[in-house]
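Below, each chain spelled out in residue letters.
4 protein chains.
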Amino acid sequence: PDAEYFPGIGKIPYKPDAGPEDSLVFKHYNAQEEVMGRTMEDWLRFSVCFWHTFRGTGADPFGFPTLVRPWDDGSNSMANAKRRLRAGFEFFTKLGVKYWTFHDRDIAPEGENIKESAANLDAITDMALDLQQKTGVKLLWATCNLFSNPRYMNGAATNPDAHVVAFAAAQVKKGLDIALKLGAENFVFWGGREGFHTLLNSDVRAELDHMAAFFRMAIAYKKKIGFKGVFLIEPKPKEPSKHQYDYDAMTVIGFLRTYGLEKEIMLNIEPNHTTLAGHSYEHDVVMASAFKMLGSVDSNTGSPDLGWDTDQFPMDIKNCTLVMKTIVEQGGLAPGGLNFDCKVRRESTDLKDMFIAHVGAMDSFARGLRCAVKIIQDGVIPKYVKERYSSFESGIGKKIASGEATLEDCEAWIQQNGEPPRISGQQEHYENMLNFYV
Amino acid sequence: PDAEYFPGIGKIPYKPDAGPEDSLVFKHYNAQEEVMGRTMEDWLRFSVCFWHTFRGTGADPFGFPTLVRPWDDGSNSMANAKRRLRAGFEFFTKLGVKYWTFHDRDIAPEGENIKESAANLDAITDMALDLQQKTGVKLLWATCNLFSNPRYMNGAATNPDAHVVAFAAAQVKKGLDIALKLGAENFVFWGGREGFHTLLNSDVRAELDHMAAFFRMAIAYKKKIGFKGVFLIEPKPKEPSKHQYDYDAMTVIGFLRTYGLEKEIMLNIEPNHTTLAGHSYEHDVVMASAFKMLGSVDSNTGSPDLGWDTDQFPMDIKNCTLVMKTIVEQGGLAPGGLNFDCKVRRESTDLKDMFIAHVGAMDSFARGLRCAVKIIQDGVIPKYVKERYSSFESGIGKKIASGEATLEDCEAWIQQNGEPPRISGQQEHYENMLNFYV
Amino acid sequence: PDAEYFPGIGKIPYKPDAGPEDSLVFKHYNAQEEVMGRTMEDWLRFSVCFWHTFRGTGADPFGFPTLVRPWDDGSNSMANAKRRLRAGFEFFTKLGVKYWTFHDRDIAPEGENIKESAANLDAITDMALDLQQKTGVKLLWATCNLFSNPRYMNGAATNPDAHVVAFAAAQVKKGLDIALKLGAENFVFWGGREGFHTLLNSDVRAELDHMAAFFRMAIAYKKKIGFKGVFLIEPKPKEPSKHQYDYDAMTVIGFLRTYGLEKEIMLNIEPNHTTLAGHSYEHDVVMASAFKMLGSVDSNTGSPDLGWDTDQFPMDIKNCTLVMKTIVEQGGLAPGGLNFDCKVRRESTDLKDMFIAHVGAMDSFARGLRCAVKIIQDGVIPKYVKERYSSFESGIGKKIASGEATLEDCEAWIQQNGEPPRISGQQEHYENMLNFYV
Amino acid sequence: PDAEYFPGIGKIPYKPDAGPEDSLVFKHYNAQEEVMGRTMEDWLRFSVCFWHTFRGTGADPFGFPTLVRPWDDGSNSMANAKRRLRAGFEFFTKLGVKYWTFHDRDIAPEGENIKESAANLDAITDMALDLQQKTGVKLLWATCNLFSNPRYMNGAATNPDAHVVAFAAAQVKKGLDIALKLGAENFVFWGGREGFHTLLNSDVRAELDHMAAFFRMAIAYKKKIGFKGVFLIEPKPKEPSKHQYDYDAMTVIGFLRTYGLEKEIMLNIEPNHTTLAGHSYEHDVVMASAFKMLGSVDSNTGSPDLGWDTDQFPMDIKNCTLVMKTIVEQGGLAPGGLNFDCKVRRESTDLKDMFIAHVGAMDSFARGLRCAVKIIQDGVIPKYVKERYSSFESGIGKKIASGEATLEDCEAWIQQNGEPPRISGQQEHYENMLNFYV
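Residue numbers (the working numbering), protein chains in the order written: chain W, 3 to 440; chain F, 3 to 440; chain P, 3 to 440; chain H, 3 to 440.
Keep in mind that the hints were calculated from the coordinates and are not lab data. Treat each hint with caution, since some may be false.
Note: identical chains are not told apart, hence a pair may lie in one copy or across any two.
Result set (DSS-like, lysine-lysine): computed pairs, CA atoms no more than 25 Å apart in a straight line [as the list claims (entries may be wrong)]: (1) Lys-388 <-> Lys-354; (2) Lys-226 <-> Lys-401; (3) Lys-17 <-> Lys-376; (4) Lys-265 <-> Lys-230.
Please put together the full structure from these sequences, using the hints given.
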């Protein structure tokens with residue numbers, strides 16, 4: 003229990019004047035520094051995910067595991083699970099993040115049956131609770147892995163076999179119990195297999211109806227046990243499914259509205275999923291926020307030229323700025339946060355690569371925060387946008403916006419006022435202004 | 003008025019034994035033949051679009067017009083507009099379709115101001131009404147072009163300038179008037195510029211609120227004048243906008259539900275738009291139908307390797323079969339139809355290419371209909387699908403589906419029944435069965 | 003040794019009148035039937051791949067193995083390897099294919115060191131040779147797996163560490179030895195990790211120079227040992243690499259020409275890789291054939307809406323027709339063949355799905371062959387194409403094509419002959435003609 | 003002739019301390035400042051393109067022209083052409099660029115026949131020569147528009163009709179004459195229609211043979227008249243063609259090598275084309291440079307979520323840095339340059355948007371240059387890369403790289419040296435180091 007898993011690496015310090023090779027220091031992230039009324043830590047609410055960072059092996063569809071961790075003997079034993087957890091909390095603490103996230107199956111081995119699985123979870127979460135209390139690290143969110151076990155190959159909540167749906171429901175019940183126990187601030191649903199591989203064998207309407215029924219059961223249980231965390235759906239367009247029902251932010255909002263669930267569930271947006279859906283990096287963050295549905299962000303990135311989820315560490319300052327601008331404008335993400343749903347490349351085999359990757363991403367988002375705050379405090383770009391829509395603050399614009407106008411009113415107004423002026427959209431000017439800050 | 007614009011081409015006959023080079027005959031489409039209780043004509047409700055087929059020039063972003071039509075002098079005159087209309091009805095008639103579609107600006111030149119534009123529309127629609135009556139060709143749908151005029155460059159209903167929104171509203175008022183006059187069975191909204199080019203200068207929530215307000219004005223006016231046609235939104239993900247709000251079927255359904263418009267508006271699905279949104283060809287047709295929102299289909303295709311809208315004539319029998327299977331399963335498309343929102347390639351410069359392209363597409367959909375009917379009447383594939391979901395007809399499945407189950411019920415049931423069996427999804431078997439019919 | 007691994011399934015018969023559910027019969031593939039001067043078997047030269055079909059587990063990046071095979075105990079033992087091989091030959095024989103393919107590591111477990119690996123290969127290939135002789139099944143091609151072992155994570159021939167390059171070279175030496183022993187008709191190189199994940203850490207020119215050096219060593223050794231099989235490079239644009247140097251057919255041809263290797267190596271085209279590179283399904287088959295570099299085909303398919311390699315069984319008759327048209331036009335593929343580099347979906351968990359998938363694909367290619375032969379024998383489409391280029395058979399066209407014309411000649415000729423006529427490309431007519439046959 | 007077309011806008015000054023709204027100043031580009039031994043002007047060799055900036059109308063496939071320029075009456079007259087040219091040189095001068103580029107048809111109206119077209123070009127180029135001499139602005143490159151005129155709809159050099167190929171040849175002859183006259187430093191070939199729309203009607207091998215023959219004629223004529231400019235092919239994967247033969251850098255290099263033209267022609271890389279081909283922004287610049295084939299760069303950008311060419315102004319500092327790093331490493335681009343093949347958005351309708359867009363892009367590349375120079379002068383990242391490949395400098399690595407090793411040597415060496423060590427690729431460390439500079 004007193005073993006040190008990352009010997010030689012201490013708490014990552016803030017050294018703004020460090021050089022390019024200094025990789026185990028923050029050059030931009032200064033947790034306690036106050037910007038725009040809050041500490042950076044408060045705005046950013048960084049979280050480390052357990053699955054990639056402590057269960058990732060470096061295996062890919064064409065290659066065997068590459069990542070060898072000294073604390074991990076590769077077994078499914080409880081002892082191994084416990085070592086991983088201790089290594090995790092050492093990592094969180096040295097890195098200086100205040101949150102972690104996990105799937106049920108990441109932290110405790112699945113047993114022979116649901117009772118054994120539950121018992122494993124009970125034992126591990128006892129230990130996790132203790133580690134949380136000792137370190138002050140909190141649980142940003144928990145989630146259930148309803149996609150890795152072969153039983154879920156045809157879906158969990160949307161499986162054509164009710165037996166599987168019932169199994170998933172039982173698993174979520176336990177997941178909510180441990181989320182409550184560990185004080186999770188949110189609970190995430192990612193439906194990686196809630197979709198189809200071919201429409202030929204699928205009754206999509208039945209599957210979506212079942213998915214809604216499933217969420218209703220979870221909501222009822224959440225209320226019953228008094229779990230106060232926010233329910234979040236994480237959209238993704240495809241992979242592993244050929245098509246996932248939770249395609250993107252607007253599709254999920256549509257689903258929630260169709261089934262009357264929009265007051266009970268918000269969104270956890272992952273930019274790598276957003277770009278796979280054909281949108282720009284920040285799109286789903288912006289759209290979810292516009293409809294007051296942005297609950298949390300899985301702050302990662304993909305490569306725009308790749309058609310699958312690479313879960314890379316976000317290193318692009320402009321993208322980080324655009325995400326943070328939306329977050330600051332909506333007054334922060336709490337009780338959500340920025341969760342690094344990222345994995346080191348399978349070629350990044352050194353232990354210190356785990357730190358370097360997180361440090362680089364935290365620095366990128368810290369720069370993004372600083373840029374975003376400067377944009378908002380300067381107020382130049384926001385002023386341009388406000389003026390662009392100012393015609394809706396009075397006259398025919400106000401009537402239209404408020405729902406008081408009719409087509410006939412508009413026609414009469416145009417007969418009087420004629421052709422509108424041509425007003426430049428000034429895209430390049432906006433881009434150039436943005437570059438002033440980034 | 004008595005000029006013949008397609009001399010040498012008569013009414014396209016049905017000749018099932020024609021050879022590969024016989025291009026001006028139907029080999030599969032036999033309008034009056036009855037299949038599964040209706041004529042082929044009734045199931046397919048083919049429509050020719052006026053914009054591509056009578057206003058298309060062959061221009062593309064890198065090239066000047068290639069298509070020279072003997073009846074078109076290239077001018078914006080009313081006389082030219084009238085010749086085009088007569089050529090159109092000759093084409094519809096010789097091709098043997100019962101429906102046509104148009105944008106307001108396709109059929110009549112835009113005037114100096116909205117009064118002049120309206121007067122032009124009045125004159126042309128008088129003539130169109132006469133031609134409709136003489137030929138029996140009906141108006142499947144009308145729509146307003148709210149994207150070509152420079153005034154709409156920053157959007158129509160979502161323009162940041164209320165002046166432009168008012169102009170668009172006035173244009174839609176007139177569009178509804180002429181739709182009523184010509185007995186349009188539907189009215190389509192395609193929001194090509196309802197989106198953004200950069201999020202930097204955009205207030206997306208304001209724009210979507212305005213879009214909803216715009217639809218409410220149109221619905222009120224429709225009811226006031228007694229227009230009975232169905233309102234349809236046509237989704238498209240992008241192009242010309244970088245991002246169009248009506249991204250795909252589920253996004254539009256989400257928008258309608260968010261703003262309480264889902265009872266007033268259905269969907270017109272264009273498969274080329276569906277594939278641009280990252281879905282399979284038939285996806286949005288299937289999804290819209292599953293939620294009883296499928297109103298009509300713009301039956302075209304793209305090339306899967308291209309990232310823009312090519313509006314090609316649909317020639318793939320498997321795709322046509324999958325679309326027709328959904329349509330037959332929902333009992334037909336009426337009052338919608340299959341509208342050929344397709345253009346001959348700009349290299350297909352012969353007049354007869356106009357016929358060949360439509361004939362090829364009609365034959366493809368006729369084959370698709372025959373295949374779909376055979377699949378449904380044989381019942382083999384539907385039987386497999388029904389069995390796949392049969393566990394929801396009783397026991398725990400029925401309880402889950404009906405909303406009576408709780409997570410605790412499911413847990414208890416799993417404690418008794420244990421691990422579910424692994425049931426093959428049989429994708430290749432379904433694909434092989436489909437190939438039996440196609 | 004006498005165990006039957008697929009009890010209840012006999013040799014797949016040809017029953018052209020079978021129904022849609024009859025999945026263990028050929029409805030179109032009739033091995034000994036002669037078409038256009040050869041048996042179908044001869045034209046199609048079907049091959050089963052060992053990796054997907056006998057080593058595939060159904061694991062994907064988000065899920066554990068789903069495919070349980072009664073002969074496979076999951077171990078890396080030689081006994082297990084031998085059972086898999088016997089199951090394989092039973093499968094090949096019952097399916098009625100005459101060829102198989104493998105990677106070295108598919109058939110024999112990798113040992114502690116290269117000597118042990120070689121000894122394992124020796125033992126297994128003794129058995130394979132025996133099974134080949136008993137069954138008459140031959141080895142279409144062998145290949146070395148230079149991508150799964152962690153040592154190859156940064157590349158094999160293009161690894162920045164010469165130690166790894168040397169290891170890969172040693173592995174290929176043994177691979178060529180066993181290819182010779184088993185009478186492989188070809189030898190394939192697929193460079194899944196010959197590329198990069200980020201240009202930041204890569205010297206691309208050095209890597210490509212090393213790749214060429216590597217091929218030169220292999221060619222020298224091949225000649226030395228008297229291996230007569232054809233060397234084939236299999237292009238793929240990306241995955242697992244972010245970018246693979248062998249991007250597509252034309253890129254590989256460019257590489258071969260750059261390094262003077264074009265006489266020693268041909269191409270093995272996989273259509274799923276072609277579509278991932280942004281081309282149409284048949285594109286690389288057509289281009290490789292046009293430059294007389296088409297050696298073999300990995301006859302699979304992807305889904306056009308997915309950005310990763312799904313290796314699905316080819317079931318689209320039109321695509322199969324287009325590939326077979328090129329193959330028949332070039333006089334066949336021998337010594338190459340149609341290798342099913344395909345895997346059953348991970349949800350297709352029944353043993354019989356292995357047969358159904360192959361049968362469906364073989365029937366699809368058999369239909370493709372029949373259609374292609376009809377197109378070529380009818381001669382209608384080929385006649386159109388020939389006429390389209392006939393202006394190069396005489397006059398200025400002949401001078402240009404033969405390299406005898408100058409710009410000045412062309413100018414003079416145009417001064418006399420003026421503007422060219424506008425000739426329709428007739429795309430829709432061609433598509434419609436194609437549909438006559440498909 | 004003395005009219006001022008951009009009144010109120012003077013020569014754009016360098017003001018490094020200007021604010022975000024100051025859009026008509028350079029904040030980073032300081033033409034005469036010396037960095038790494040050359041002026042910024044010398045490293046960057048900026049060029050304005052005439053087609054987008056002086057012939058662009060804002061029309062798109064769904065909309066009419068939006069851009070109204072006071073000097074352009076919309077006619078095809080010579081007087082209009084001359085006003086545009088004068089406006090152009092005023093713009094180049096005020097912006098402070100030293101180069102321009104054009105297509106023949108941009109600057110002079112096409113006549114009724116080639117003689118008239120040539121006469122128009124003669125008159126306009128007299129004037130252009132005069133303006134070049136007066137202003138000191140030089141011609142980076144000229145090119146022929148072989149794609150806009152309907153005659154080229156089926157291709158120019160690859161047209162199935164030799165008559166069209168001859169016409170294109172005559173046009174290129176004149177294009178080379180005027181390039182010589184104006185002292186063009188390069189001559190570009192972009193084959194927008196050298197490809198196909200459907201393989202069904204295409205003989206790709208014949209077309210590529212004709213393309214090679216066409217280049218040979220151009221090379222012969224170039225030598226004959228003593229034109230010293232560099233011939234450059236500009237790759238693009240598709241659009242307007244479904245498939246363009248010059249797909250990307252490696253494809254073009256392959257074409258040149260296949261036909262023995264690699265000594266006569268280099269490459270002009272456009273990053274927006276590179277990303278459309280499925281590569282990362284800087285990929286083709288890096289690859290062309292690695293093979294010493296990088297001649298010039300069309301410095302623009304696209305949006306990664308769009309599947310067509312948007313020709314946006316490059317505003318991403320990281321991308322500009324990566325391109326400039328390659329250019330500085332190869333010792334500069336001369337006689338090539340950075341040509342802004344970019345167009346203002348069609349919504350950017352103000353005259354000053356023309357300046358803002360170029361200024362923003364020039365500042366972005368100036369920042370890119372500064373970052374790249376710092377990376378190279380610091381030497382940290384280059385040192386890491388060099389060390390990564392150091393094993394090829396001696397021992398078995400050197401033998402492999404030099405072509406002296408055999409497979410047997412490698413096997414023997416591995417038998418002695420065993421398994422290679424696992425060396426981290428350190429991608430995140432490289433990305434983090436890059437962020438230090440960007």
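message: Run through the hints listed earlier and report the numbers of any the structure violates, in increasing order.
response: Nothing - there is no hint that the structure violates, so all of them hold.
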